[in-house]
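2 protein chains.
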Amino acid sequence: MPISASQRRSLAQAPRCQTCSLSSLCLPLALQIEDISQFDAIIRRRAPLKKGEALFHQGERFSSVFAVRSGSLKQVTSEGNGEDQLTNFYLPSELVGLDGIDDECYPGSVVALETTTVCEIPFKHLDALSEQLPELRGQLYRSMSKELRDDRRMMRLLSRKTADQRLATFLTTLSDRFRRRGYSPYSFRLSMARADIGNYLGLAVETVSRILSRLQSQQVVAVSGREVNILDMPRLITLADEETPT
Amino acid sequence: MPISASQRRSLAQAPRCQTCSLSSLCLPLALQIEDISQFDAIIRRRAPLKKGEALFHQGERFSSVFAVRSGSLKQVTSEGNGEDQLTNFYLPSELVGLDGIDDECYPGSVVALETTTVCEIPFKHLDALSEQLPELRGQLYRSMSKELRDDRRMMRLLSRKTADQRLATFLTTLSDRFRRRGYSPYSFRLSMARADIGNYLGLAVETVSRILSRLQSQQVVAVSGREVNILDMPRLITLADEETPT
DNA sequence: CGGTGCTTTGAGTTTGTTCAACTACCGTGG
DNA sequence: CCACGGTAGTTGAACAAACTCAAAGCACCG
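Chains as they are written, first to last, in UniProt numbering: chain A, 1 to 246; chain B, 1 to 246.
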């Protein structure tokens, strides 16, 4: 009797950092071969998350950070009485959970937007290993620093940009992230619903929908459901960055 | 001839972490006495900044982080064409410049709001020392993580809260930061102009002014120029957190 | 097929902005 | 000491961008 696909995978093809296609983007990016195997040893592989499943819930005790291997996730924070706030989308190679280090619990839930696999990196081990491997430590500092920088950009978007600029920025940023990962920057599929986009950008769903329609009628993008084609990238970039004319 | 005050200070009273009143809040907070002196050795003291002076400018090469010793600062990012975005205020014991680690230049200018002294901590040395002192490393991770968490809260404020809620949140947050530093949480002086508050909160100056007036007429706070007295803290907290009634 | 959830579109409303004028405050120089 | 000028803050009125509410269209799935 032939072994099942999943059995075969766990025997012959257990994922390893050394063979991971994301190695040039992910945390161990600065490490030597021999150090990567040390890093690899502390990683815990996880069963894939199905769409809608949570990687962890808000308030749960912090123990690990996670590197996205495939798929995508959203981070949602529900503060007190108010409704939820979607604070981030995560794509492959990105690090999830860094904001839980300080008070040792996760400040938001992280939920898969599609079938998603992650590598779990127990923070205690990561910290210990970062003592021995200066490059790893540096990379960890850089990851957090980058996230801080991205947050500042997001604040600017939320406090100064018009709805059109927000959507244009959202699309160009996504496009760029796909490009870096080797996918087409012009044609991609949104893994999140309109409601998620609206929540993330501080806009009503209806506004998101309306603006996408307008961008489409202006031949800047072609949108069909969650499929996006960017037809006029320079124009989209201009829209994203232009100062509000008064 | 008696020596001058400044001479006396530099001789007998050179500031040191061991005697700093902020030691329970600042980076070395988790260190043993003997380790603090190691940390102290890498710190560079700086001449005080005058109001309006920049600690560093956007785009300058990143080399150090800074701990605020006294006074306060604002971080301003001017992205491309658009106008400036004020992304943060810094109070004593807080760490400035962490968002510059990643791409090795400061992503925003940091400017003193009043006479301000800082301790400069060369990052290269900090990183090296963090290899030897796990507590220091942990504290650094926690500082960055906390800033990430605060950023998420700010995003929620900018994308979901009404102008009144924003002002109320701003005041309660400031109040809390003063409390932690041993100052009165009820009565304090704003070191920033109304324009700064508006820029930070994503509101027009006029809106800030109007809402402060309204809060005053409702006996929640008493505001006179930059002096603030919180008269009804529970009410202010309610205003800051309440869900928008529909 | 019928339902359920997501998306789009339309119409009226609201919150906060913009523009404009006025006031208070503070340091400077006559 | 007071007049002056400039900056910072306040207030009012009209306007606009995005929201809410409502309803219709679509697509996927059992």
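Incorrect hints may appear among the rest.
Since the list can't tell identical chains apart, any single copy or any two copies may satisfy a pair.
[What the hints assert, rightly or not] In silico lysine to aspartate or glutamate, EDC-like type, Cα no more than 16 angstroms apart, as pairs:
hint : residue 1 : residue 2
1    : Lys146    : Glu104
2    : Lys51     : Asp176
3    : Lys51     : Asp241
4    : Lys146    : Asp103
The set of hints was computed from the structure by calculation and includes no laboratory data.
These numbers were taken from a predicted model, which means no experiment stands behind them.
Hints not upheld, ascending by number: Hint check: 2, 3 fail, others pass.
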